Amino acid sequence: MWGKRLFIAVFLLPPLLLYGIFVVSPYAQAFQISGTNWSGLSPTFEFVGLDNFRRLLGDGYFWTAIRHNGLLLLLLPVATIGLGLFFASMISVGGRADRAGVHGVRGAGFYRVVYFFPQVLSVAIIGVLWKQMYAPHTGMINGFLRGIGLDALAVAWLGDPRFSFWCVLAVLIWMNVGFYVVLFGAAMQSIPRDLYEAALLDGASRVTTLVRITVPLLWDTIQVAWVYLAIVAIDGFAIVQIITDGGPSSSSDVVGLRLYKTAFADGQFGYASAIGVAMFFLTLTVAAMFLRVTRRDRVEL
Amino acid sequence: MHRLSRRGLLQGAAGVAATGALGGCAMGGDDAKGDSAKGATSANNPLGVKEDAPLEVVIFNGGFGEEYAKAHEALYQQRYPKAEIKHSATQQIAETLQPRFVAGDPPDVIDNSGGSQIDFNGLVSQGALTDLGELLDAPSLDDPNKKVRDTLLPGIVDVGTYDGKFLTLNYAYSAYGIWYSKKLFDAKGWQYPKTWDEMIALCKTIKAAGISPWTYTGVHARYMSWPILAAAAKLGGLDVIKAIDNLEPNAWKHDAVKAAAEAYYQLAVDGYLQPGAEGMDHIQAQTEWCRGHAAFVSCGSWLENEQKSVTPPGFDMAVAPTPSLTTSDKMPFEAFRGTGSEPFIVPAKGQNVRGGMEYLRVMLSTKAAADFTTKVSSLTAVTGAAAGLALGPGLTSVTKLIDASQGAAFTWLYSTYYRKLERERVNAASLELFTKRINAAQWCDKVQKSADEFAKDPAIKKYKRA
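Quick mapping for you: the protein sequence lines, in order, are chains A and B.
Note that the working numbering has the first sequence beginning at 1, numbered continuously upward.
Note that the working numbering has the second sequence beginning at 1001, numbered continuously upward.
By construction, these hints were calculated from the structure, which means they are not laboratory data.
Do not take every clue at face value.
Stated by the list, open to error - A few chain B residues facing chain A, derived, Cβ under 7 Å:
hint, residue
1, 1119
2, 1276
3, 1420
Everything numeric in this text was worked out from a predicted model, so none of it was measured.
All C-beta atoms, glycine included, are put in the ideal place defined by N, C-alpha and C.
Next comes chain B alone, as it looks inside the complex (with noise of 0.2 Å):
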């Protein structure tokens, strides 16, 4: 008699479960349903809110926390009190949100940030997001006769924008530059240098002092491009940056880039930077900063928030912006990189998009934002909603540095068009510059090389900025 034996059995029945399995698919089906819930417009509803359309709302839960979006939460419930809204938060948003898009069911807000955000070429690509256009030219919520769009710090528009169409909302407003405490400064006698022949020297003085003239963190070493960066804007004019935006030939190779490259190359050849920072991350070269152990650090506004707990009393943190590098800069010293962050999206499939687009006008609110600032300490979007608010000292100097800067703030956008390359090969070519394992001119030649990788690659959408 024929006996199956085991392995024959298992065989067989593999193949029967691969055949069958094969339609249930990951890649699933298109059933989506769009903008359905669309009600009557009027001048308490400019949107047109289906008033118990449900709403989901999914927030990044990294430093700001979830407390903040439950009080928009309860703003807009105030207003739409038939609607049930449906919170979560999470910290691993690509994962738990990319098969609901491909399901076709996406939740109707979504704070796309943190480490696992969605990457948004592929976002934006595959057409998967709202174009907000409209929340724009609705009346903000404190006025009707005021646009939301009038009430948004310049550069929230631009970065929100992809080939014309505003497709996220950034929320919180970050104001990038170098941190120094204010309390050791003003102990010490020194002055934050205007010009980088100033920081050199002041470096020295440091130095001698005991203290690391500058600490960065090498696994993320592309905060340190920023202050390159924010350096050959303000020497080159904001045509450099938009020729790295636009991942422009040579773009990276311009003479302004290779100045500051060379400038704060600098910082390393003279041994200026923290021994041991390129093994530190951002939390570990931060604290060291906090410690007292180096003078500088490149970071963004929410750095404040994220050292809170071990921040000393009376360190009086503060932020400037870089140093000019020639008393020729094409930009005030005052010039800084100031930008959105924390990306708001409303998916285009999904149940609500009305309700969707409601939330995000309710966030826009001065009382919404007034909120968020005291909760997070961090600005946001919206223009004059810190004014009268008790800031910390950090806070303070990021409004201030915005006062001083008189408009004349800045951003790049390649970081948000193709994330990639700032996150993997601008990163790892800052670190082997400040390492010494290649120099100035081998960083831009490095980034170039791969900016050249993507602007071929055809899997990746293309941007152009204007």
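Chain A with its partners taken away, still in its complex shape (with noise of 0.2 Å):
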């Protein structure tokens, strides 16, 4: 019996180790730096208890970056869900039904590299890129407008703080939509077409089939979908920093840059990791509520 859990210690022991290391004790040291005053340009630092939290309390530009993420939060992943689900549901299924069985619209296989295709680019191409499109003699979204006569439509996108946010946003779920279209295209696959030919042959609609079979099957990763495109809304860092950063006016700022800011621009580490605690039981909170409110019984094939 030793022997044997002598055995799986040994390789459980490294990587727990490289894990205290690494994540955890630099999480426990930014609890400690939240305490202090510290700059982060020399080693002396004072302990001021909890003025970095009474601080944040009272300071507008971290409720404005709050609200923001509060927004990506709730509008993020419903808008990626759906459109990942809708766009994955007619690859796989959503061609007409004939003597082959059921199987996605033409040109699925085509469908499904372009919109993955975002995922293979990194953030900061995708940031530099947009910022160009939306760009506003130069970019080509005004550029399209102009072309079909909507001159009226061309705005400054970006330098306008009614419109700056929904720029990020749309950027934020054009990046991350085609991940999900292939995460719920295979678990489809899953599903029993014949499944799909029954609910045909009773005359269902697609949307019925779609709330009815496609959507209870999914579930488990729908959930796990929510859970990650959550934590992507409580970030939003490098989208925002390379497309706004932050503005104009703090109308796209985000909790990300905010610390960022203020531990790099301004020089004072000890506000920016209280900020930092802040967004982990910030984070921490949505996920564990987000798996709460989503549990129901998983249906069994």
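Take the two lone chains and join them into the complex the hints point to.
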């Protein structure tokens, strides 16, 4: 018995040690630093207790950023999962049923590649790409609008606080949806075709098959997608920094960017860590909440 | 038998790791070495560099690249052949060097520039920088009878001084003003306006000719706060700027600032700004200007180098001071904002502080400065180092601007003292001003409110400008 335990321990210890050093310990240190006024430029600091958190409560810029993350949290998973499910079911089961059974729309393989394409680009490239797309005079979006005669709609997308947040949200959906199309598509492969055929014979519409068959059978996958997307929504740092840098007038600011600027631009690592700690609890709460809310009985086949 | 669950095991392990790892902390310990490498001083080596002490130089790899620094390092190497020089270049100055400051092991010379420069407020308040006063009083490399101090352009010592200590050497010299294409203006028979009334009148003509009179960068709308503040300084005198630098109450609501903001707001009201400019970054806006879609743009003298690849041949760019607002302005039309940029620092805890200072002395020699100007098309802090060099049209107009001003260059310091105030707050407010979401008086109020916030924040060290 002990031999077996020792054997297991030998394999478990190195990864646990690495995990402790590179994951758990930075987290723990962030908690410690959040209680100091450390500037990040010298080894000297004082403990200031909960001052940083008190300051956080009264920091309007932080709350603006939180509000944007909250909006992302509400909209990004719904939109991405909705589009992902729609595209995936079109690709796998959306085609006309014929003698060969249920299959995807024509050119499904091509669409699968097109949707997945943003996944192979790095975030930096996506950011720069879209920044140029949104450019007022040289950008493709305004070029397209002008091309079809909608000159009045060609605005300075990223320069207008009414639009900048939505521009970023659109990019976030664009860059994420492809992954979920593939994920849902793969999960759909495991749903027996005869279920769809039976439904079609019974006269069910596509919407009904989607809601009554696909979604319940994919629930586990959707749940995972939801948690992942929630985490993306609470972050959003890289894409925001590249496309708008939070502007104009904080209209697309997110907490991650606030943290980064507080640390590296303002040299206030203590306060930045406090933002990080707040974010840690936020992410944890949201993940736990989502898992709980979406918990329901698994449909066994 | 009791079986440990997977979850329980993980929780236990996490707890152990957390308590154990707190020992090795990001905040480090104080094991500074400091100025240990001081050698004997001599006429040839006034700063007392230890001949074989290695020197580490970190360069911001931005608009100026890193090639100029390699040439400077070669000059240093000639003087101290036994010294080993370590060179590196990065765009991420703060991210790369912050841990090394904490560990007490910073490099000897840093070009602390660019979007992620280390905040000077933090560096200075932590005492992380060497006082370069000794360098200023050392003899210059070209003329042993002349102090380094006396070879610098006016404004260089001011902008590098914090609470009376000279802590940063801004090596490049930038003139700020309003840029136009001389070719375009000559072709159309336009004259650069000397007063604001002339400016508005000319804008009307330019617009009638089918060109947007002005473009600007909405992403970095603070570029447009520069002509506002310059015009305010010229109207009300340098005290207006000093009050702003010293975070005095209502400094931004001074009548001169209000009048200047009002004047530039007029450009937005009259529709003289290029539509869409609010969504452009500086490269996009400057490129629109280079393509002839707009007549004026506000920028510093790095503009020519930055736009090199897209400037059409014969474009003949030129810079001019901001137009005078009234006939009774306290400074003449020729006065402009001129100041150092590209700040070089010698960290106090470097291994070779003496070598770092000596490296700056080498940089400030006429030879090194002329090499810099040739390589990157920018003037340096060294007086007269560009004499006799073949300069581009933009830089030639900058030298003319400097000569015409007869020493009437001025600058503000709040943007180096309190970087965030300009980079975030003035930036945001200026975009709102030029997109007409707020008017000039509201702009003054808004910026003042931010300045008050900084004045009250105990986490920010305050500086006083004399």
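The hints, checked one at a time:
The interface hint given for residue 1119 of chain B holds, since its Cβ lies 4 Å from the closest Cβ of chain A, which is under the 7 Å cut-off. Given the 7 Å rule on beta carbons, the hint for residue 1276 of chain B holds: about 3 Å separates it from the nearest Cβ of chain A. Contact between residue 1420 of chain B and chain A, as hinted, is supported at the beta carbon level, the nearest pair being about 6 Å apart and thus within 7 Å.
The structure agrees with every numbered hint stated previously.
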